[in-house]
Amino acid sequence: MTTKLFGEPVRRREDPRLLTGQGRYLDDLGEGSLEAAFVRSPHAHARIRDVDVSAALDVDGLVAIYTWEDLPALLAEPLPLLIPHPALTHGRTAYPLARDVVRHVGEPVVMVVARDRYLAEDACALIRVDYELLKPVVGVEQAAQSAHLVHQDVPGNVGAHLVQEVRSAAGLGAREAIEAAPHTLAFRLDIERSASMPLEGRGVYARWDADDRSLRVYSSTQTSTSVRMAIAAKLGLPLPKVEVIAPEVGGGFGVKIVHPWPEEVLVPWAAILLGHEVKWTEDRREHFVSSAHERAQVQFVRVGFDDEGRVLGLDVTILHDHGAYTPYGIIVPIITSTQLPGPYKLGAYRVEFSSIYTNTVQVTPYRGAGRPQAVFCMERTMDRIAEHLGADRTAVRAANFIQPDEFPYDQGLIFQDGRPLIYDSGDYPRSLRMLKELIGWDSFAELRERAAAQGRRIGIGVGCYVEGTGVGPYEGGHVQVTSDGRVHVSTGLTSQGQGHETAFAQIAASELGVPLERVSVVTGDTRRFGYAVGTFASRAAVMSGNAIALACRKVREKALRIAAEALEADPRDLEIVDGEVRVVGSPGVSVPLATVAVLSNPLRYAFDEEAGRATQFAGTPSFDRPPVAEGEEPGLEGRDYYSPIRSTFASGMHAAIVETDPLTAEIRILRYAVVHDCGNLINPMIVEGQIHGGVAQGVGGALYERMVYDEHGQLLNASFMDFLMPYATEVPFVEAAHLQTPSPLNPLGIKGAGEAGVIPVSAVIASAVEDAEGIRIDRMPISPSELFGLRRATEAH
Amino acid sequence: MTDIAITLTVNGVVRRAKVPGRRLLSDCLRHDLGLTGTHVGCEHGVCGCCTVLLDGEPVRSCLMLAVTADGHEVTTVEGLAAPDGTLSPVQRAFAECHGLQCGFCTPGFLCTVTALLRDNPAPSDEEVLEGVSGNLCRCTGYQNIVKSVHRAAEIIAEES
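Residue numbers (the numbering used here), protein chains in the order written: chain A, 1 to 797; chain B, 1 to 160.
To be clear, the hints were calculated from the coordinates, so they are not data collected in a lab.
Any given hint could turn out to be false.
[What the hints assert, rightly or not] Straight-line C-alpha distance at most 20 Å; calculated EDC-like pairs for lysine to aspartate or glutamate: (1) B:147 / A:31; (2) B:18 / B:57; (3) B:147 / A:610; (4) B:18 / A:735.
[Stated by the list, open to error] Residues from chain A shown here face chain B by an in silico Cβ test under 10 Å; the list is partial: (5) 25; (6) 249; (7) 289; (8) 692; (9) 732.
[To be verified] Output of the computed footprint for chain B on chain A, the stretches with three or more beta carbons under 8 Å from beta carbons of chain B: (10) 88 to 94; (11) 197 to 203; (12) 297 to 306; (13) 355 to 365; (14) 695 to 705; (15) 739 to 747.
All C-beta atoms in this analysis are idealised placements derived from N, C-alpha and C, irrespective of residue type, glycine included.
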């Protein structure tokens, strides 16, 4: 690599347009389009007896009203179950518009299209839906007791049940190993619901070209390629006649990977039917009650361990609340189950989950995707063991670590990608040493004493995690050098703020030896690249980054071959520097990449002077072979794919010092330290930004955010006034250090970084609050009033 | 519903629109005047994405009717850069310090911070934190936003 860009904190190329209001998000598009609004169920569980639209018909600007009965055959079926799994014996998905029964507040019942959104909402307000109320099922434990059913044909409200067990080296099952262990503990843990909550909600805008009989859809999605296939399938259109583009997306964090949303098929359908552009932009309340949540689990833990704190057996039973439907399968509880062992060697491990229906918003991945719950469980367990033995919490962790010479390390489980869970690389002991130094773990006792002398109460906490990132099956990259010397890179996955245009340009510029300014990157536009999976699971850099690098290598090889001919040199003696192919050691002998691009495409017509060089009477062609040799293609471009054998495993450890107010029980984070290992860094500035943002969401989940459902299935805090996301005043300064253990699995040696920051935060804060208070913390989030209640309960004993 | 004719000075340009009385200023800016840089994140005045400057003061444009702004001066994110396109110190600082990721909340922060530094060119850490504490960001964790504000103050000082 001659142009050193990989690994540099290059400023983001997205920023100039985003800083000047020139970014184009979904609702910035389609001026003049009709707009849709939805009548959504106000009840958690009800039968629709009648829909009366008559009062709405006189609304000025009304264009159309649709209910389930208006939908054509393919659309009238339930939406796809995206990730089937043998254990998901009772998967259920919603209809685009409710048919007969609604199963959560917010489920769409009627779609209205009008001249603008105000008028569409006027009409919605006048539509009368007559409901017969059914018994709502709220709360995962109540649902598991199955007094009432969310789906009449799903006994016990159990959508899925899965057991995975890894026996000990001696062949013991986890329960046997626990029975035989010198020490055993059993306890219960609870985690509340939260949600991705991007500041831009979902949105869809569809343009039907009646002359061309083609459809262009813009969606605020994390997967434009798959939305495209879903739309083509649901609307019965030939795939080449459908294009889907993810414009600027104002945050995703997981919720926008779900597809097709009802609106993603209904809006294009209406656009075709009406012969007019139609747009729908989700409002905040809709996002709360009609998109997706995550996190809620109840965990029952039994652990057996020896005198050093080494885990001999761990047995975890999880009740997972997946809401009313399972469009995304059981990915979240699978990830919880399989990422739970973290950086540790567990003697034997058994994990069982039941994924349960409730009359609440569906549960699909939110940044971390089941891992925060897994880490909460494992790390609370480590703290319990330390407490039981009177040992240092970090010593117990260290006693259980997988050692650096034990990679690849097979955890014996099947991961979320259906492939073996084998850690590729890492250095957990070193990571912990770095963290302890960064936070001052060993000198904390003095700090605590000094604080205590001032009447202050402080505590320190720690949490470790391993994150499977870069899941397959694949991503691709296309790289084209045009005759002006510019490099056009495209990949199918989408961007929601991760700086892909910058990071991927750094990779391409490094691989091709061209200045960064000449590289442009397009993501999430099926017109440019049709094959992709999407942006989730900390996979974009690993998957598309490597695919783009491989495509660049193809282009580079071809460029050197063509240039070698032009320079009458051996391709092995050539290098590309600053966009010039030159002979190593003789910088004077060179040809610009732009000219190579011209030469790569034999022409009949000269459209400009440069192109003239490639026309049929220019130069001295060889008459022994055709202008485009066998096995060759015209143009200086390349396409390649990266499809990993399995996921690559990033890791990290966090520590925090918190202060709890002796009177008010207010919890304040004084310091927050992160040691993070995502292999080689493409752009450290971007990686740190991802960590900061992840930690902030983790702090939200640990101290503030929860979805408060009442017994009727009403979400009581469906606004930013009541769902408390952290502001700048609530988020601590993050002190971060990087460890770089390259992945041996991919050409760039990188691992994913997107979700990492959020994963251990609840575990870390719980550990620190427990340390400050001497009160067991076993449910998160924790508010001051809850801590106050815990203090009272403890005093009463 | 009868439309009402209003006149606003937006980013130094006199703009006229005919709007229903209930039309939000945010919708008027975005959809009647085509200035889509002002974003709408909650429509209940909490997130701060829609913050614009009304007669120089930060306001939530989703909490104000367009007709209320009749006769007033509005500055949106599109009006922060110099007429020749040079980014303002606040915009430059955000780029330099990676103070944005998805960019959706950014226009609100930029308007808020522009007013903050105009009134207090050398804010303390506490004052910066308080100054941006009315705007939500879901991507950055605020650390680089706070850094950007301090950097913007530096740039302003260097250039004055």
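If you count the residues of the region 355 to 365 of chain A with a beta-carbon closer than 8 Å to a beta-carbon of chain B, do you get 3 or more?
As far as the region 355 to 365 of chain A goes, the hint is violated, because 0 residues have Cβ atoms under 8 Å from chain B.
Pair hint outcome, residue 18 of chain B versus residue 735 of chain A [Cα-Cα no greater than 20 Å]
Violated, at roughly 52 Å.
8 Å C-beta criterion, at least three residues: is the region 695 to 705 of chain A covered by chain B:
holds (count 3)
With a cut-off of 10 Å, does the beta carbon of residue 25 of chain A approach a beta carbon of chain B closely enough for the hint to hold?
Given a least distance of 7 Å, the restraint on residue 25 of chain A holds.
Using Cβ atoms only, decide whether residue 289 of chain A comes closer than 10 Å to chain B, and label the hint accordingly.
violated, 14 Å
Within 8 Å of chain B (C-beta), three or more residues of the region 197 to 203 of chain A
holds (count 4)
How does the coverage statement for the region 297 to 306 of chain A fare against chain B, requiring three or more residues with Cβ below 8 Å from a Cβ of that chain?
Coverage by chain B is violated for the region 297 to 306 of chain A (0 residues, Cβ < 8 Å).
What's the verdict on residue 147 of chain B and residue 610 of chain A, does the C-alpha distance respect the 20 Å limit or exceed it?
violated, 47 Å
Does residue 249 of chain A pass the interface check with chain B, least Cβ-Cβ distance below 10 Å?
It holds, given that the least Cβ distance between residue 249 of chain A and chain B is near 7 Å, below 10 Å.
Does residue 732 of chain A pass the interface check with chain B, least Cβ-Cβ distance below 10 Å?
This hint holds: residue 732 of chain A lies near chain B, its Cβ roughly 9 Å from the closest one there, short of 10 Å.
Can you take a look at whether the region 739 to 747 of chain A is actually covered by chain B? Rule is 3+ residues, C-beta closer than 8 Å.
violated (count 0)
Does the alpha-carbon distance linking residue 18 of chain B and residue 57 of chain B stay inside the 20 Å limit?
Outside the cut-off at roughly 24 Å; violated.
Checked against the numbered hints listed earlier, the structure breaks hints 1, 2, 3, 4, 7, 10, 12, 13, 15; every other hint is satisfied.
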